[in-house]
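Final position of the sequence shown in the numbering used here is 434; the numbers increase by one with none missing.
One or more hints might be untrue.
Quick list of in silico lysine-lysine cross-link-like pairs, BS3-like style, CA-CA up to 30 Å [as the list claims (entries may be wrong)]:
(1) Lys-420 / Lys-368
(2) Lys-344 / Lys-359
(3) Lys-292 / Lys-420
Derived by calculation from the structure, the hints in this document are not laboratory data.
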Amino acid sequence: MRALPLGIILADLGGRITYANRAAGAIFGFDHKRARRMHIIEAVPSIELERRVAEAVAGEASTGPLIVTGKIVNRTYAVSAYPLTDEEGDTSGALVVAEDQTELLAVERARQEFLTNVSHELRTPLSSVKLMLETVMDAPDEETGDLFLPQALREVDRLAALVQRFLEQARTESGRLRLRYKRVRLSEVVDPIVKSFEPQAQGAGVELRYKVREDIEADVDRETLEQVVVNLIDNALRFTPADGTIKIQTGQDGNDAVLIVKDSGLGIPFKDLPHIFERFYVVDRSRARTSSGVGLGLSIVKQIVEAHHGSIVAESLLGSGAKFTCRFPMVAAVHES
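Turn these sequences into a full structure, and let the hints guide you.
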């Protein structure tokens, strides 16, 4: 039982520990070698755990989540207590099994938040399109059509982009992301994307500044590199208020091609910074200039960059914007046709 990743405790009928493995000691914060003959409440100051052990000794199994603080702070474990029986079938003690559920519960919370975000992202443009089309149908004159149909088209484009984001995530996670390396001049990839964002940036009162080195070439998959640039600029626009600035820069560092997207926006809270590349993770919506986003853009960026054997680093100070630096090997280690 020493090698098991589960925390294991054996207790007698009086609730005193007869055995505890190393994992149990690490989970509950006691020396597993010295725990023998200690009462369960002495080793683990938890009334809930003591109750479950008492129920097990009485012949009733119990299980459920238990939040443990101590050496491992704020982690949640699935803790089960089972009756132990002797050869005659009489209850002789209790078996306690603790399994860490913290990451599993975090994924479930992220999934629930993702579903909430998706519902919001789909419902809002659909409601807008429905309202605008109903208005055009009620007043099918040219002036009304000219006013509402372009707006409806923009909302449809937004929906299409959202669906595309889901497809990109599914492709990267399913292992179906196949890079078709080709020698590409970075300026030829980045320049048209920056120009395509200019109307949106102007409408938001944000200035795009683009500094490029025309001579930098790298072996990359052009299609997925375009996704990286689009997602980074889109992310910067969402968190940069009016009168702000977004700087896009390409450069070279040794054998790496470098892409930098830096904004003068709200910055990323310290608590969020380690998680921004996680799937479905969304920074507080109240901090964004727009509420769009389902927590996939930066996750996709990271997966694409790493598939190129590159790296991405995020730097930020709250209130001072954020800086994303991507590095790609200029010569690909592996070519796939």
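- Query: Does the structure break any of the earlier hints, and which numbers would those be?
  - Reply: none
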